[in-house]
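So the sequences go chain by chain: A, B and C. Here the working numbering is used: position 8 in the first sequence is 8, and no number is missing along the way. Here the working numbering is used: position 70 in the second sequence is 70, and no number is missing along the way. Here the working numbering is used: position 398 in the third sequence is 398, and no number is missing along the way.
Covered, in the sense of this in silico footprint (three residues per stretch, anywhere, with C-beta under 8 Å from a C-beta of chain C), are these stretches of chain A: (1) 3-9; (2) 12-21.
For lysine-lysine, the following DSS-like pairs were computed, each having C-alpha atoms within a straight-line distance of at most 27 Å: (3) B/K68 x C/K347; (4) B/K38 x C/K126; (5) B/K40 x C/K188; (6) C/K132 x B/K38; (7) A/K21 x C/K443; (8) C/K203 x B/K40; (9) B/K63 x C/K409; (10) A/K20 x C/K614; (11) B/K40 x C/K312; (12) C/K312 x B/K25; (13) C/K346 x B/K43; (14) C/K197 x B/K40; (15) B/K17 x C/K346; (16) C/K312 x B/K2; (17) C/K312 x B/K63; (18) B/K43 x C/K126; (19) A/K21 x C/K40; (20) B/K46 x C/K346; (21) B/K40 x C/K192; (22) B/K46 x C/K203; (23) C/K203 x B/K38; (24) C/K312 x B/K46; (25) B/K63 x C/K203; (26) C/K312 x B/K43; (27) A/K21 x C/K439; (28) B/K17 x C/K188; (29) C/K439 x A/K20; (30) B/K17 x C/K192; (31) B/K38 x C/K188; (32) B/K38 x C/K197; (33) C/K346 x B/K25; (34) B/K35 x C/K191; (35) C/K191 x B/K53; (36) C/K197 x B/K43; (37) C/K188 x B/K35; (38) C/K409 x B/K46.
Keep in mind the hints are simulated off the structure, nothing from the lab. Glycine included, C-beta positions come from ideal geometry on N, C-alpha and C.
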Amino acid sequence: MLENILILSILIICVFVIFKKLSSHESYCGSCPIKEKCKTKPFVCHDEGENRS
Amino acid sequence: MKLIETIPENFEVQIQKITGDNFLKEKLESLGLYKGIKIKIIKNNKVDPLLVKVDNRRVSISKGLGLKIFVELL
Amino acid sequence: MKKINIAFIGNPNTGKTTLINTLSNSKFKIGNWPGVTVAKKEAFVEYKENIFHLVDLPGLYNLSKISDDEKITTEYIEEHEPDLYVNIIDSTNLRTNLLLTIQLLKEGVPVLLVFNFWNDLNGLGKQIDLGKLEKVLGVECISLEANQTEYREKLLEKINCSLKNKKRSTKVSSSLPARAIVDIIVDKVEKKVPTDKVSVTDKIDQVVLNDYVSVPIFFIVFFLLFKITFDGSAPLIDWIDQFINGFVAKLIVTIFTSFSVPKVIGSLVIDGFLVGVGTVLSFVPLMMFLYFFISFLEESGYIARVAFIMDKFMRPLGLQGKAFIPLLIGLGCNVPAIYSTRTLEKKNDRKVTAAVTSFVSCGAKLPIYILFSYIFFPKQAVFVTLSLYLLGMLVAISWAWILNRFIYKDASAQFVIELPTYRWPSMIVMIKSAFAQVKGFVKRAGTVITVVVVMIWALSNLPYGVSPRDSILGVTSRSVSPIFIPLGWGNSWQATASVIPGFLAKEAVVGSLATAYETNLTESTNEALTDGFIPNVLKQCVLLYEAVIDSIKAVFGGLVPGVFITDYSEDKKLSQLIKQDMTPLMAYSYMVFNLLLISCVAVISAIRQEFGQKFLWFVILMTVSTAYVFSFIVYQGGLILGFI
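With the rest of the complex left out, here is chain A:
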């Protein structure tokens, strides 16, 4: 029983970590040239319509 609780909590931690990682600035804006200026959401540089050409 204790083992199940442990495993379940590990699972929840994992899910949390993944979400955190995927919503970080690095994840959104890894390819952003002005990364240093843009640390909090809404991430200014992340623009679906941005045309870099």
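Once you have looked at the hints, place chains B and C on chain A.
Below, chains B and C without anything else, positioned relative to chain A:
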């Protein structure tokens, strides 16, 4: 004036005029191709992009829309 | 000691990196400029009373702020205001290189001109009057060969002097456009004698770009590259595998047993966490080789020729020559391939290329093909595997055509690219570059992959103590697997169960199958370390040494990729169990499914980073449906044709 696409390989020409897409024009210019410059056609066949030599630089230009380079044979 | 910021600026391929390498005695660092593929190189060099902080800016032709490379440079200039700009010039291309110089001088910044490749001038019949140029521009000039260390002292001294005499007497009038100024100056200082000599680069290009020979040469080059990559990395991957499972795991078991740590924690650490870390580390050798070769191709100048040669094949698909390179890189690993799409200018080109790269079979999928090919098609294993690679390429090409025709209807991108002079790249630069890239990958994807593997462990161990069949993972797979019955392999819940880890990391498929079938592909991880700690450490060192030797041998060995020569007799038990559940046709269908399914979490996060969530979902939908449909066609079609 002739279009650069009509010049066969190994001929030298001088650029007279470049029209079209400004972005590409600027790119060409920074690579050394602009009005008055002498270049040599290295490769000009039906399938590959155009390959020219400027100074000691080899530049490849895709054929087609957006860019027209007019030249005079030397 | 005073810290001085010195920026190295110049056209691409002028030898900036080589110069920094020489000046810093190879003690330079490679990092990442965000947003571009160009690596950030910097170094600290102590000289007399100063510490020079050398920063290598991305090569650019023009300060016009159009491409990302240029934006980064102009922003760096604005933000950091370097104390000195060392402008490196390719002496053989004065006219084109000076454009940037004049633009810099117009900005009014302190500049030192370094004329590289000075010794090549003679062979081209050219002469440059450096003294005259110094007078005309009002800037100090020095000529050298960047890769020769005897110039190091001379250049450092010159830099030091330039810093002291900060007189800014540029004689560049700002009314004329930069290129007009360049024309005037070049006419004054450069003399050219007509010569019939053909440069080495031109000679090589006559062969490499030859209408008939270019494509065969290309195939040979890349076959060799991939053979070396796969064969060279295999012994190292094996070593990492046995190091993690045969040494570290046993060590942990020993420690845990002596401290009576509960079994569940032992399992978490060994079967979960350690397997995750092992999976990530097993990427490393392959990526080191791959990034090393990518670096070689880029630095030598051949990659530009590849884009040129392949352009004619890419046009009918609505893409351009440069789009071919990510597809090629994808054969090693899809992740660097996605990032390398940054070299394409148009966003839609990048999107299409990235989407279809997902169908290119990467190195991680190879173990799946090997396992199933040897079980079901022992005599034709090589052909079966090649057929899968070919299928992947065909699907990629077809999707590229469809996407460009119906969805992203842009006219195919026009381009202007330089085919640089061929140079023999520096070993150190390539190794450091590969190292930096791999480090970046491990940082980016490492956490995610490890966490995912731990999640799979958790799901297959809940409730604790039951067999994998009855765990959450097993129960879910069994209820989901009917979906895959039309594809032939749905009756094996173990195969279904392995698809999910496979979705997250293709290396995990074979291991998951082993877990699901309750065999262990590697040695039992419940054994403790025998023979004591030190002897085992020594044994690991010996094995590592042998792995390196094997790697070198494999690289220079025969022509058939060693992966196929290997006698795959590793796990008879797994093979038997799989054979009971599947027929050859089912196996092939399963391989097709895995081939076309998106490779791994790392690719997913790369696509998300580069193109956003919406596009990611589109790609996932695209790959999942394609994988399903093709697996279906293969199985049902095969049945109709009479295969089993």
